[in-house]
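Visitor: Now for the letters of each chain:
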Amino acid sequence: MSSGAIERFDNKARETFEHLGQNTVYRGELLRHPVYTRVLHWTVALFFFLALFTGFALYSPFLFHWITPIFGGGQLTRTLHPYFGTAFVFFFAFQVLNWIRPMLWTAADSRWMGNVKKITTGEEKMDPPETGFFNAGQKVLFWLDVGGSVAYIITGTILWAGAGVFGATAVAVSYVIHDLAAIVMVGGILIHIYQSTIGEPGTFQSMVRGAVSEAWAWTFHPAWYKEVTGRDPVQACEEARRRMAK
Amino acid sequence: MPDRKALQAEMISGHSGPSSGLGMQRDLEVCKLVDTTTCIGCKACEVACVEWNDMPFSLTTFDNTYQTMPETRWNFWNLIKFNEHQNPDGTIQWLMRKDQCMHCADPGCLAACPADGAIVKYANGIVDFNQENCIGCEFCVSGCPFNIPRFNPATKRVYKCTLCSDRVGEGLEPACIKACPTGCLKFGSKDDMKFIAEERSKQLRDNFGWKNAGVYDPQSVGGTHVIYVLHDATDPERYGGLPKNPTIPWSYKLWKQLFKPVLGAFAIFGALGIFIHHVTTGPRVAQPEPPKKDGTDIGGSY
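Going down the list, the protein sequences come from chains A and B. Throughout the first sequence, residue numbering follows the working numbering, covering 129 to 374 in sequence. Throughout the second sequence, residue numbering follows the working numbering, covering -5 to 296 in sequence.
If we strip away everything but chain B, and leave its shape as in the complex, we get (with noise of 0.2 Å):
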């Protein structure tokens, strides 16, 4: 990430008086805007995030839809969700959704991830594997909400979408924004990507009949960094299992938070207590002790 303050401006040439936006300076957190509105279900997305990762063939499977296969893979991070929702005055919907990491605020993968240094959260809201550090226990894939991250058993290490950190982080964006042919993919500032979202979802409203049309961006998770205009916001479980409240497995927070360092110097002191009382009290040996010797005591001079 360049450092936030070489983005503002100090100083203005020829510019008389005080110049308006000195010290002003764009929202540091990305977002992915992803519009399931104009979604076509084209996969140019898919495409593109297997070709710019590098990722290994992997086999699709047909179970009579478009979609390419059940769920996102350790090397097919971003998959399009068909869905086919009946309404209730039984007209048909049907439903694409990007399916990739949300990127969350509050990750709770990395809540979950015992190993140092294995997931990342940038300043930026990135949320990142760093697979070198990655033992394998698969305790992320319990934590995220969104069941996404993925165990390769040939390497023994968890993947998923980075929201491709490495393009990001050299200014440019997402491979699969970069792919998508009609605009339903957007990316910038989480500010500027909420702004079009919610003014997307007020035109789905107010022209296009949506009632229920809104924004997902679960403040569950303190909001994402991948946010979705929905048709109906008020059901997102019937895209392919979107969560409506997403949130994180208590027992990670507390357990990790509170209990694990208080029980953990508990078993330290419980140590150090076995050695008190070895040289306190001492041992109980076989009775009976050999008698006491008495008189004076010859040796230790030292």
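Same shape as in the complex, but just chain A (with noise of 0.2 Å):
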């Protein structure tokens, strides 16, 4: 598929969903997430929710037994994981085409990488002026769910069908395989869980009603900030505070 492609597919997606929700952007906002990406978004952590799950009482049954009786037992656990495994992988495929403009590496992102320490003490309250739509933290997230997701289809096709049409070998590297990659994105998610929520106030009602304060957006994605307003992020948050101290 050509990105011209992509482009009319997504647009197309887009303008649909528009008319099937709607986004709330009280005066004072930007609208950061139109009504497919939000619906995707949760369509994926929905499956990856119900994935994971499954998943832990395969991984463990010893701790996590007490999840399989929930999804119907532990053969039904078992019989499930695959599919809510595949409608993750499917889900993301989309999210991946939505994002994958936003989400390509650029060198701010790795200049921001070399100041994730100062960021993440608090030491900068402010990210680095040059901070686009997405962060590097959140494009690093994006990739690695785009490897796991590989990683998932792969390994995940050879578990499914089994020893007996891939062999014992492939299945048993599979396995630590398939492993791996969910101990990877549980970390990657439990810290994009924690950033979205409580680590960043305001950054979760943009998946959810689509809008984010202009105070957020300057203090997170500065760039696109002066990209959607046209106004400069820093005089922006000066005149801000200016306002407050009157």
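Hints are supplied without guarantee of correctness; some may be wrong.
Stated by the list, open to error - Sample of chain B residues at the chain A side, in silico, Cβ under 10 Å:
#, residue
1, Glu45
2, Trp46
3, Arg151
4, Ser245
5, Pro284
FYI, nobody ran anything at the bench for these hints, they're computed from the structure. Owing to the predicted nature of the structure, the values given are computational and were not obtained by experimental measurement. Idealized CB from N, CA, C, for every residue including glycine.
Work from the hints to combine the two standalone chains into their complex.
Guide: Here's what the structure looks like:
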């Protein structure tokens, strides 16, 4: 599929979904995620967690045997897990199409990563001015999930078909890779959930009603703020500070 | 299993002085001996297995051999494998080997199984599946070097030979042993079976011209509780793919015993780290923050 075709598909999908839901953007706010993005995000999240929790029960029934009754017992948990996983990868593929352009890695992201310690310790109150629609951390999670999904497809197919089709060695190796991919993804998701809720307040609403405050935008995604409003983020922040002090 | 001590002699009536054999006991480990040199391929063991374990009829497959079906099935645990082997001198050997679970001392299925209590190895050497705990993930299939566990799609559980653990627990021999008409199948303690097998191998080597006759009890899985006497122990593959060096995939041992708990601990510490970050560093908030209040704080008396 050429990039033009992807663009046309995404635009059509976004247009269609705008009629199915609505964005609530109050004065002083910016639209961040349209309906299509939000629906995709939560569909992916739903199947991710269904696959994750059925996966927990398979990873260690010793610890997670209490999960299996929720899915109808050990055997049904095992049966459902690959379907949940397939659904996750399927919907995530649309999310990849939707986000592949803003998720491309740039030199600014490498600089952001070099600065990551100051950002996580709160030393830098605002993100670097060149931080765009997604910051480097979000891009790392995105590409980690892309890599993980590829690993899931390959190893998951082998595990699903079983030793009878692919041989015992293939299953034994796939089992380890499948687990590793899951552990890496869980680590990423834990940080993602933290950052998008209590870690950076004001973020969660962007995935619920689609909007963020302008202050949020110039603090965490200054280059994106500049792109959509045409105003300088640092200057806007200083103006707000002066208004507040009055 | 009866208590091991119950079978030891403690006192002997009308016996003066120290009695011989006090405190001695037989080996607890059981073993099935299959002498492939005296098997006649009558399949009585196959029928006995299906009968005793009350398994439903299974359609047979005819593929121009005497073999009932190509592989064992979830409801057919005991299969005589018929193989025609051509020797270098042009002569033909018709080999018959009873294929079933080998009941390894170091079971690969058990190492691979993630389900709590689905596979159990008893002190007497029997490796048994508890289907009520089986989740049907089929990892045991890939962990088994003998290709034995079989998945039943209808019940979503895995089945295999139990070495008639129900019969052995009551002091009976397995059903297949009871049915064998030639004495090619024997059942007893591992020591005894090993002894008989070695004697028979020696007999085959010395008196029957089978220079390479020997016992199949692969040490790569810690020995098995089903052992074979083979005409040629140097080439077990010819007996329907009996592996010369059966091994358990390394990943199961290394991954499950080391990395799984270590990485699981990492995940817990990761979640803990996020919590600590939140209570120490705190959230990053949109700038500018409201100006700090100066003067005395009001409220918070308790």
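Visitor: Taking the closest Cβ pair, is Trp46 of chain B under 10 Å from chain A?
Guide: violated, 26 Å
Visitor: Hint validation: Glu45 of chain B versus chain A, beta carbon distance must be below 10 Å. Holds or violated?
Guide: Because about 27 Å separates Glu45 of chain B from the closest Cβ in chain A, which is outside the 10 Å limit, the hint is violated.
Visitor: Hey, does the Ser245 of chain B contact hint survive, CB to chain A under 10 Å?
Guide: holds, 5 Å
Visitor: Double-check Pro284 of chain B for me: the hint is only fine if its C-beta lies closer than 10 Å to a C-beta in chain A.
Guide: Holds, because the Cβ-Cβ distance from Pro284 of chain B to chain A comes to roughly 6 Å (cut-off 10 Å).
Visitor: Checking hints one by one. Is Arg151 of chain B an interface residue toward chain A, by the C-beta closer than 10 Å rule?
Guide: holds, 7 Å
Hint check: violations occur at hints 1 and 2; the rest are consistent with the structure.
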